[in-house]
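Student: Take a look at the letters that make up each chain.
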Amino acid sequence: MRLFFLVFLLLFGCTGRDDGREVVKFWAMGREGEVVAELIPEFERLHPGIRVELQQIPWSAAHEKLLTAYAGQVTPDIAQLGSSWVPELVALGALEPIDKIAAGSQTVRAEDYFTGIWGGNVINGRTWGVPWYADTRILFYRSDLLRQAGFAQVPDNWAGWLQAMRAIKQRGAARDYAIFLPINEYEPLLAFALQQPEPLLRGGGRYGNFTSPGFTRASEFYFDMFRQGLAPRATNTQISNIHDEFAKGHFAFIITGPWNIGEFKRRMPAERQDDWMTAPLPGPTGPGASIAGGSSLGVFARSKRKASAWKLIEYLSQPKVQLRFFELTGDLPPRRSAWNAPLLADDRYATAFRDQLERTRAPPAVPEWERIGQQIRIVSERAVAGQISPAQFRATLNADTDAMLEKRRWKLAREASQ
Amino acid sequence: MSRYSAAGWAFAAPAMVMLSLFFFVPVLLAFALSLTDFDLYALANMDDLRFIGLGNYAELLQTPLFWKALGNTFYFVVVGVPLSIALSLGAALLLNGAASRLVGLFRTALFAPVVTTLVAVAVIWRYLLHTRYGMLNYGLERLGIDPVDWLGDPNWAMPAIILFAVWKNFGYNMVILLAGLQTIPNDLYEAARIDGANAWQRFLHVTLPGLGPMLLLVSILTMAGYFQLFAEPYVMTQGGPVESTVSVLYFMYEQGFKWWNLGFASAVAFILFVIMFAITAVQYRFAKARGVA
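Going line by line, the protein sequences match chains A and W.
All letters in the first sequence, in the order written, are residues 635 to 1052 by the numbering used here.
All letters in the second sequence, in the order written, are residues 267 to 559 by the numbering used here.
Just so you know, these hints were derived from the structure itself, not from any lab.
Computed from a predicted structure; not experimentally measured.
The C-beta atom is built at its ideal place from N, Cα and C for all residues, glycine as well.
Be a bit skeptical, because a hint or two may be false.
As the list claims (entries may be wrong) - Here are the simulated lysine-lysine pairs, BS3-like style, with alpha carbons at most 27 Å apart:
id: 1; chain 1: A; residue 1: K659; chain 2: A; residue 2: K899
id: 2; chain 1: A; residue 1: K945; chain 2: A; residue 2: K803
id: 3; chain 1: A; residue 1: K882; chain 2: A; residue 2: K899
id: 4; chain 1: A; residue 1: K1041; chain 2: A; residue 2: K659
id: 5; chain 1: A; residue 1: K945; chain 2: A; residue 2: K734
id: 6; chain 1: A; residue 1: K734; chain 2: A; residue 2: K659
id: 7; chain 1: A; residue 1: K659; chain 2: A; residue 2: K1045
id: 8; chain 1: A; residue 1: K659; chain 2: W; residue 2: K524
id: 9; chain 1: W; residue 1: K554; chain 2: A; residue 2: K1041
id: 10; chain 1: W; residue 1: K524; chain 2: A; residue 2: K1041
id: 11; chain 1: A; residue 1: K699; chain 2: W; residue 2: K524
id: 12; chain 1: A; residue 1: K1045; chain 2: W; residue 2: K334
Unchecked claim - Partial list, derived from the structure: chain A residues whose beta carbon lies under 8 Å from chain W:
id: 13; residue: D653
id: 14; residue: E656
id: 15; residue: A705
id: 16; residue: G716
id: 17; residue: R1005
id: 18; residue: I1012
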């Protein structure tokens, strides 16, 4: 009976799926993967010859799954790529450059995209992905506490910002702080470092550049906030609920991303809803840069259906589809024309992101970057805890980074000699 | 070859083939891998694979995080294993001695953590251990002790993990020891009592020797299991705070599956294997000398 059922499945199951349409395999992660399913039917209606086979992958497993798929030669046609994975997949040769096809596109126009966000996809002079949504870090702050401390708005430079934080700390209770910088996250420090003129790696991504004057300035500024007691030496697992603590005024600033706009609207108590705001990151002397992140859509080199895959990318890149996507996920559109729509232009919390997205910089585009980033987290956590000095922190980081880049130096040297 | 030994080989062959196919060959391949710098670049192009001899091992010995992971793992084993066995033995003795009809219920209750899903109970433990709202700190506060930041303080994270692991695992050994206790003949206790031995002396001179082989088994199994600490920090702390709960296996996982440094990760696996093998051998020798194995 079971055999009969299997045969039945084989005979009719297959014919049911093979309806003559070209099948495009699309991998999307987490919430985006769930939501994009709602956008696909419209695409299939517009392109009757294409059927999209959507695979939803949890974020925690996505990176491993992509690498395993590459090793097993079963990559999809198109996938959502976290911005930090692009250099890795380029090094693997897993992706197809899109410069040529994008140049002829009516929809995907590079100049409409935020420069830093688009730039994160350009490696070795070629473009490897189209930004799907943008991500960056800005300030969320308690506007009432700032006002009580005598500041009408967030100062746009470090010195003024420090002053404001000191004033807030002085007014608050002894156990309250001005800012929360989770010591197990390295993004705030990275953002300050990206505001500096010097790159984080030198020699074409061959060596660490963490003893440069710029990185020294950025890290001292970061450690200062702990030394002056403006920030607690706490991880984000120690703070059970940042929304709750933020609402109680245990700290007035946090550096976080766009997903928290929705979270704060939902989770801050009603009487506090008018007491919080967003602002772009202050820089050393004026408005500063922040991290360019988010996800891109990339076409895989092994794909046999690149033209259809590109049609899907073009569809998902249309401003009106991106706005719908924003409504569904809260993910920020990476192109300026989408931001002109009232939905975004009139959102008072999103304005600061619009401003910040004009000033983003991507971390170095080397496959080792994610490891280096983790190392920044590990070593800076030690420095904040006082186990090593800030100078030791920079020297250690440099040495560790140089060691991680050894293979890359060897490979580049070998390629140059060939 | 005699007919008997031929038959013996024939019967053993399926098991031997399976064992070599699924154990010895992979182990040899992993060892070969540990002598190379297999990484992301090699995955892309096998020309980028370098044979580096014992380079991974040398680098490993110079990696501070590896030593930290090794130290953390030893801390976990040295405190956790005796604690776990003592607790198992205590619980087994209580269950064995009790004449209550509730013994069955208690046995099930104490064994229950072993069969629960680790991830699910870890989430509950995270609540129990919470600094401000956790039950554990609530209890301490009642006793007038300041709240402990269990999972956030580098000094307390490992004790918290040990507490959790011991609670999760002691039931298993308890059942084995309970079975062992039931095989010790009652006459021995009777004889000892007639000779005037008190409860402690009876435990020391009758129960412990009687349990010898069981204790050896339990300690080898527990030690082997505890050396492979992974899921607890993976779920509860992700190795933090300040890498205080990074175990050797967690370190290996990050190297191998997060950064794709499979050569380096294989070297970690081999070092862990050598350590566990050596310690088990010492344990076995010790037990043999005492005549329990």
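Student: Hints first: check each against the structure and report whether it holds.
Tutor: For each hint, the structure was consulted:
1. About 36 Å separates the Cα atoms of K659 of chain A and K899 of chain A, which puts this hinted pair outside 27 Å; it is violated.
2. A hinted pair counts as satisfied when its Cα atoms are at most 27 Å apart, and K945 of chain A with K803 of chain A does not qualify at roughly 53 Å.
3. The hinted pair formed by K882 of chain A and K899 of chain A meets the criterion: a straight-line CA distance of about 15 Å does not exceed 27 Å.
4. Among the hinted pairs, K1041 of chain A with K659 of chain A is inconsistent with the structure: their alpha-carbon atoms are about 33 Å apart, more than 27 Å.
5. Annotation: proposed proximity of K945 of chain A to K734 of chain A holds, straight-line Cα distance about 14 Å (limit 27 Å).
6. Under the criterion of a C-alpha separation no larger than 27 Å, the hint pairing K734 of chain A with K659 of chain A is consistent with the structure, at around 22 Å.
7. Taking the CA atoms of K659 of chain A and K1045 of chain A, the gap is about 33 Å. The hint is violated against a cut of 27 Å.
8. Restraint check for K659 of chain A and K524 of chain W: the C-alpha separation of about 25 Å stays at or below 27 Å, so the hint holds.
9. Taking the CA atoms of K554 of chain W and K1041 of chain A, the gap is about 49 Å. The hint is violated against a cut of 27 Å.
10. About 17 Å separates the Cα atoms of K524 of chain W and K1041 of chain A, which keeps this hinted pair within 27 Å; it holds.
11. Restraint check for K699 of chain A and K524 of chain W: satisfied, since their Cα atoms lie roughly 11 Å apart, inside the 27 Å limit.
12. A threshold of 27 Å between alpha carbons decides the hint, and for K1045 of chain A with K334 of chain W the separation of about 31 Å lies outside it, so the pair is violated.
13. Because the closest C-beta pair between D653 of chain A and chain W is about 36 Å apart, greater than 8 Å, the hint is violated.
14. The closest approach between the C-beta of E656 of chain A and any C-beta of chain W is roughly 28 Å, which is over the 8 Å cut-off, so the hint fails.
15. A hinted interface residue such as A705 of chain A counts as satisfied when its beta carbon comes closer than 8 Å to some beta carbon of chain W; here the least separation is about 6 Å, so the hint holds.
16. Hint on G716 of chain A is violated. Least Cβ distance to chain W is approximately 13 Å, over the 8 Å limit.
17. Against a cut-off of 8 Å between C-beta atoms, the interface hint on R1005 of chain A holds, since the closest Cβ of chain W lies about 5 Å away.
18. Contact between I1012 of chain A and chain W, as hinted, is supported at the beta carbon level, the nearest pair being about 6 Å apart and thus within 8 Å.
In this structure, the hints that do not hold are numbers 1, 2, 4, 7, 9, 12, 13, 14 and 16, in rising order.
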